[in-house]
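Number of protein chains: 2
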Amino acid sequence: MAERVDAGIDVPGFDRSTKDGYAVRARDTFDASEGDPVELSLVGTIEAGDPPDITVSTGEAVSIATGASIPRGADAVVPVERTTRESDEEDDIVSIRTGVAPGDNVMYSGEDVAVGDRAVGPGTVLTPRDVGLLAALGVESVPVVERPTVGIVSTGDELVRPGEPIDDERGQIYDLNTYATAAAVRAAGGRPEIFAHVEDDYDRMFDTLESAGERCDLVLSSGSTSASASDVLYRVIEDHGTLDLHGVAVKPGRPTIVGHIAETPYVGLPGNPVSALSIFRSFVASAIREAAGRPSESAPTLDGRMAAPKRYSEGRTYLLPVAVIEDADGDILVYPVDKGSGAITSLTEADGVVEMPPETEYLEAGGSVTVDLFSADTRPPTVLGIGESDPLFNRLLDRIDGPRYLPHGSREGRRRLRDGVPDFALLAEADAAAVSGETIGRFSREWGFIVSPGNPEGVAEPVDLLDVESFCNLSEASGLRSAFDSTLETIAEERDTTRAELAGGIDGYGWAVSGIRSPARRVAEGEATAGLGLRYAATELDVDFVPIGTQTLSVVAADERVEKEGMRRLRTVLETDSGELAPSMAGYDVSTD
Amino acid sequence: MAERVDAGIDVPGFDRSTKDGYAVRARDTFDASEGDPVELSLVGTIEAGDPPDITVSTGEAVSIATGASIPRGADAVVPVERTTRESDEEDDIVSIRTGVAPGDNVMYSGEDVAVGDRAVGPGTVLTPRDVGLLAALGVESVPVVERPTVGIVSTGDELVRPGEPIDDERGQIYDLNTYATAAAVRAAGGRPEIFAHVEDDYDRMFDTLESAGERCDLVLSSGSTSASASDVLYRVIEDHGTLDLHGVAVKPGRPTIVGHIAETPYVGLPGNPVSALSIFRSFVASAIREAAGRPSESAPTLDGRMAAPKRYSEGRTYLLPVAVIEDADGDILVYPVDKGSGAITSLTEADGVVEMPPETEYLEAGGSVTVDLFSADTRPPTVLGIGESDPLFNRLLDRIDGPRYLPHGSREGRRRLRDGVPDFALLAEADAAAVSGETIGRFSREWGFIVSPGNPEGVAEPVDLLDVESFCNLSEASGLRSAFDSTLETIAEERDTTRAELAGGIDGYGWAVSGIRSPARRVAEGEATAGLGLRYAATELDVDFVPIGTQTLSVVAADERVEKEGMRRLRTVLETDSGELAPSMAGYDVSTD
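Residue numbers (our numbering), protein chains in the order written: chain A, 1 to 593; chain B, 1 to 593.
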């Protein structure tokens, strides 16, 4: 609410009955009692909304409904349950079995709300109750605080708008920050306005920034904030705006710019997505919330304790990106996620930041911290898993509400499960054997080599890879790569050589990509002639498959978390849904034991 | 999200540099060290977004920016800070002062996100982070769960749409429940559709309900749910729909109807506004949230302890309407607010309900309870005050964020302050003297009689009221009425009579209205010839004023609450703002001591 709204009318606007019963002159009932009722003649009926055009005289009563207007002459209402109605041919008579005083069961005009009463104060965030009160006062519209318009200027020649085609050859990427920032602006109560991406041309950047400054209450951008010659945006602000400060004493804050453009406040956020959201959260969101009239305490936070220690000593405040998970007791565990290098997955893995002041060099494991969440909608995941990337498991996750699964590979899953962070890990055989924990589910997948349709190079067994033109491998993080390497190891032993020697002879062995389906895709697109992968991926992409082995993946739960609600749900899904899904997915089998 | 969205592209889509530096063949740097750098010839520069149309051969390097595409031939990046650039007329040479391995400072295609990776799962409530991830994957639009359409049918001949004129004579009131329910539906994630108010005519009601049922996913109404002949809505449901149940075993739930109309679920909520919101909160909101794909745990609650005991023993669950306030330690105190009789102010005074199961006959003071809030936006007020209604104080409240003030009169303020519920009370002299607490502010207001312009009846002192045609009094809850009665008492003593005798001679003494400005308004509108009131009200309404006395109002704080932040703010406002506002308000004085 931008202003206070007072009541402009009395509520009720008339003397109304608060009971179903009979409107009477109280004086007529003074002698009435259960044993000795008083009889009054019924002279009419008034329903809610009826004009009360009846007058009640001495010895008379009017039947009246809750909410109806008290007729002239009457000054009280006798509840229906304290009366008896008797009618005969000639008269309508009501027996009153209790005395009432003037005003009994009557709400006088203005008794609920009187003209001039304070109804809704300035700054109120309107709830359904307030809407109800305003409606009851006959108010159709109210003055509200206008949402601030926040211009978001996209910068960077390499950025492409989602939905448009991208040219990998030119090193283009989709524009993430503009849209994440717009969503964050909206969540804080602002109205984002995205300014079409312009090439990093000085004059066009100036035009864009100037028009954003003229049309908006605040202008934001991300990236291009270094003072280097290539950062056109920085130079435009320096030449045509006001550069109030460059860099704040927090990490990540060095690339932050605060200034003015066309007399409108301007903030240049860092280019790294997590840094941009952290700086937005710490320095920008509260200004938008205040301008939008939102209460300041609405910045979302969550209290928890550190799952792992964190050391830091750069002498400035660190906005440490973290994620949260509930432990077995429902307490919040907080763990750092800082992948650096602008990885977008660090954005989806982080829930917020923990502010480490300059003098805090160490956060100990188990210590209490407050997480400043990136948004109010953030909830701890119901389950947190880390491990092997797998298509069947991805589909099983759809059957669970709010899971978080990090497909960082089997080896990483084993390591993190040991550190006590995730609820479970999805592990290949060797890793599953090397950790303690309860196996709550298991399935197998067939793996081998993906080859072009018709298998023109005639690949039949691993040694045939020595003759393929171009092999595409999986990265070492993958459990499937481990299975492949073990196979090579065995063959090398048989041939009295080393795995490295053998691998060195495979053209492309070192071309290791991350996604479990990626080598298959390279083969399908003609970029490789053979690749490591799953039968499922080959079927999906309609390329040929040379089976080599079967790998069992185990879902290993941390012992102390098996009873979490989300984990019980996962167990059910593994027991029932995996058997339902697997038959429709080539190469999968759940009857593993 | 209605469905899972998987990554459709690799991110990055190309091998990219994660540092500013030089793209090289790692093999060329194996011997490099700080003491013995390796010199490479610089053959080009690649910025982010540039096509990498340079090939790096043995002995060569290319200057590369973070995010730029690794050129052919290169397999690693040396960070700029481990290099020295030397140019002369003929050659561009870069000295490499460290060795790098293949892959160093390179993020391979698909390393961040690979095609087919699970990006956002079904049921996810999209946060700015998810929007960022989807943008990075080039996704322009996603399948989301459609908000359910909830039809709200307004019933009751006496109801008028806010904004339209109201006829008090006919006992009309503004339609509150339709709009409060619509706001609650929206807060739960539904899309409310209000069906125009129809008169309580059987055929028209049937048409309205049928079209609501055909167009909506759920139909709601409020009131008119008794089985009596006058409740047309009930009869229409019974004749043309399915009446699944009538009445639920909770208080307030007796009037609740659950059924179907045109095969669409239908819920008839009680007519009392607080009851309607309680039943909506308990039985309807979760269904709307689920249909809208909202997480079930998002129903807002607040934990606190009872400020006062509550006894109840009707053998069914009681959804006790309550309000909340923070005590001095920031803990939540919960107190019942149950005014009954359909008062709309009970709606604005209640924050939610506490569920008392049938077997709980008693909630003890200090006992822990969970409040089911009416909406997620509900915050405890920063200060809670009860007491005299006053125009100056109303304006002062505008200077405080989120106060709650209940103008129930000085006497009620004294009583409640004693019970330990409010932070402060605004009290007339006698009440202020009778309670303990710290007086944090004080001001005086001039009172007397409001008379028609020109004072045609020549009112000059209280006894002149014996001769006026029609006097309008204030109700006994008002501290101003107490001042008036004290004056009459004194006069009665002087005249050797009783106050009652004296008052009995004043025509209209018993016509007592609630609002502090209401008698003045009655005089201004010609309904009364004289009325009790403030000089301020007379000036505001441009009628004449006969001064009788000056009343001091004190803001008395509960001792244990004076240090609450909201109370410190109130004290400041009283000390500074009241002195600023009072001179512009006739009859007020803040220099009271």
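Be careful, since some hints might not be right.
[Stated by the list, open to error] Which bits of chain A does chain B cover? Going by a derived footprint, with three or more residues having C-beta under 8 Å, they are:
id, stretch
1, 13 to 21
2, 123 to 129
3, 314 to 325
4, 403 to 417
5, 447 to 460
6, 479 to 487
[Stated by the list, open to error] With the Cβ distance kept under 7 Å, some of the chain B side facing chain A (calculated, not the full set):
id, residue
7, I54
8, A114
9, A136
10, A196
11, T345
12, T348
13, D401
14, R415
15, R442
16, P453
17, G454
18, G458
19, P462
20, W511
Think of the hints as simulated: they come from the structure by calculation, not from any bench. Think of the CB as a built atom: it goes at the ideal place given N, C-alpha and C, for glycine as much as any other residue.
To test your reading of the hints: which numbers does this structure violate? 3, 5, 6, 7, 10, 14, 15, 16, 17, 18, 19 and 20
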